[in-house]
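Take these sequences, add in the hints, and give me the full structure.
Next come the chains, spelled out residue by residue.
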Amino acid sequence: MATTLPIFIMVALAILFGVLVMVITTIIGPKKPTPEKLAPYECGMQEIAAPKRRFPVKYLLTGMLFIVFDIEIVSFYPLAILMRQLKVFGLIELLVFLLILMVGYIYVWRKGAFTWE
Amino acid sequence: MDLATLIFWIIAVILVGSALMVVGLRNIVHSAVALILLFAMAAGIYVLLDAEFIAIVQILIYAGAVTILILFALMLTRITGQQSRTNPTNKQWWIALVICTLLGVSIIYAATTSPHAVATVGSDSGQLPAGINNVVRIGQLLYSPTQYSFVLPFEIASLVLLVAIIGAIVIGRED
Chain B
0 MATTLPIFIM VALAILFGVL VMVITTIIGP KKPTPEKLAP YECGMQEIAA
50 PKRRFPVKYL LTGMLFIVFD IEIVSFYPLA ILMRQLKVFG LIELLVFLLI
100 LMVGYIYVWR KGAFTWE
Chain H
0 MDLATLIFWI IAVILVGSAL MVVGLRNIVH SAVALILLFA MAAGIYVLLD
50 AEFIAIVQIL IYAGAVTILI LFALMLTRIT GQQSRTNPTN KQWWIALVIC
100 TLLGVSIIYA ATTSPHAVAT VGSDSGQLPA GINNVVRIGQ LLYSPTQYSF
150 VLPFEIASLV LLVAIIGAIV IGRED
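Chains as they are written, first to last, in numbering that gives the first Met the number 0: chain B, 0 to 116; chain H, 0 to 174.
Rather than coming from a laboratory, the hints here were simulated on the basis of the structure.
Each residue gets a CB set at the ideal place from its N, CA and C atoms; glycine is no exception.
One should not assume that every hint holds.
Unchecked claim - From chain H, some residues computed to sit far from chain B (all C-beta separations above 12 Å):
| # | residue |
| --- | --- |
| 1 | I94 |
| 2 | A95 |
| 3 | T112 |
| 4 | N132 |
Claimed, not checked - For each label pair, taking beta carbons as the anchor points, the in silico distance ranges come out as:
| # | chain 1 | residue 1 | chain 2 | residue 2 | range |
| --- | --- | --- | --- | --- | --- |
| 5 | H | R172 | B | L98 | 39 to 47 Å |
| 6 | H | I131 | B | L15 | 31 to 39 Å |
| 7 | B | V20 | H | L5 | 22 to 30 Å |
| 8 | H | I170 | B | F88 | 22 to 30 Å |
Set out below in structure tokens:
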């Protein structure tokens with residue numbers, strides 16, 4: 000607990016800062032609302048229709064690939080901490096793990112899943 | 000009440016509150032956003048328990064990736080038509096109440112009476128040696144070649160991820 004206490008203090012300070020900035024700007028900021036300012040998108044193209052249609056499945060595909068590579072990265076955390084103790088063996092472990100995943104990575108790349116047509 | 004207990008109660012209250020928001024909010028996208036808060040608070044509980052690695056995994060995978068995927072899935076399946084109440088109330092809430100009560104009682108019973116019940120804080124059993132934290136111990140178990148370790152299962156786990164990658168592409172792409 001003693002070692003993790005700074006994390007909580009940090010989180011508390013971060014939340015406090017965010018709340019404080021929001022509160023201060025609402026109190027001291029001038030409020031002159033116009034319809035343009037209250038619109039969700041103040042700049043850019045005028046929206047022609049509400050996005051009623053469903054989103055393409057490409058988004059979900061990208062999300063799933065993101066999860067897979069996320070899990071890969073998470074499993075490297077303990078390995079990275081132990082790298083000095085494990086020396087070459089750790090590096091070989093890492094490379095074998097990466098090599099297997101590289102097959103999938105190249106497959107995804109060749110299939111063109113990273114391009115957004 | 001010391002500081003750790005105070006932090007625990009703050010986190011616990013926010014956690015239960017956001018859990019209730021997940022099931023109670025009328026807009027299902029708001030529920031998904033409350034789910035992010037829930038996962039973050041659960042990570043806080045893990046940090047309090049000195050389980051740093053689980054906390055990292057909780058933040059990176061659950062709060063980061065899984066909720067994003069849930070949001071994408073909601074956008075994919077959103078019913079056409081502007082309805083704000085996408086998460087309507089269910090008439091079977093009392094069945095859920097009974098099931099939740101039974102589950103809660105059985106969890107409390109198991110946690111208090113089983114021989115694997117929560118180790119008393121401060122006793123030496125189950126404590127890591129000084130200077131070795133949770134992430135180091137997990138790393139030793141997973142990757143170390145000298146002591147008993149899970150090197151082979153770790154490498155095989157990459158095969159599972161490979162299957163997931165290829166499966167996502169095969170199912171998700173039309174061509």
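Hints, verified against the model:
no.	hint	result
1	I94	holds, 31 Å
2	A95	holds, 28 Å
3	T112	holds, 27 Å
4	N132	violated, 7 Å
5	H:R172 to B:L98: 39 to 47 Å	violated, 24 Å
6	H:I131 to B:L15: 31 to 39 Å	holds, 33 Å
7	B:V20 to H:L5: 22 to 30 Å	holds, 25 Å
8	H:I170 to B:F88: 22 to 30 Å	violated, 37 Å
In summary, the structure is inconsistent with hints 4, 5, 8 from the numbered list given earlier, while agreeing with the others.
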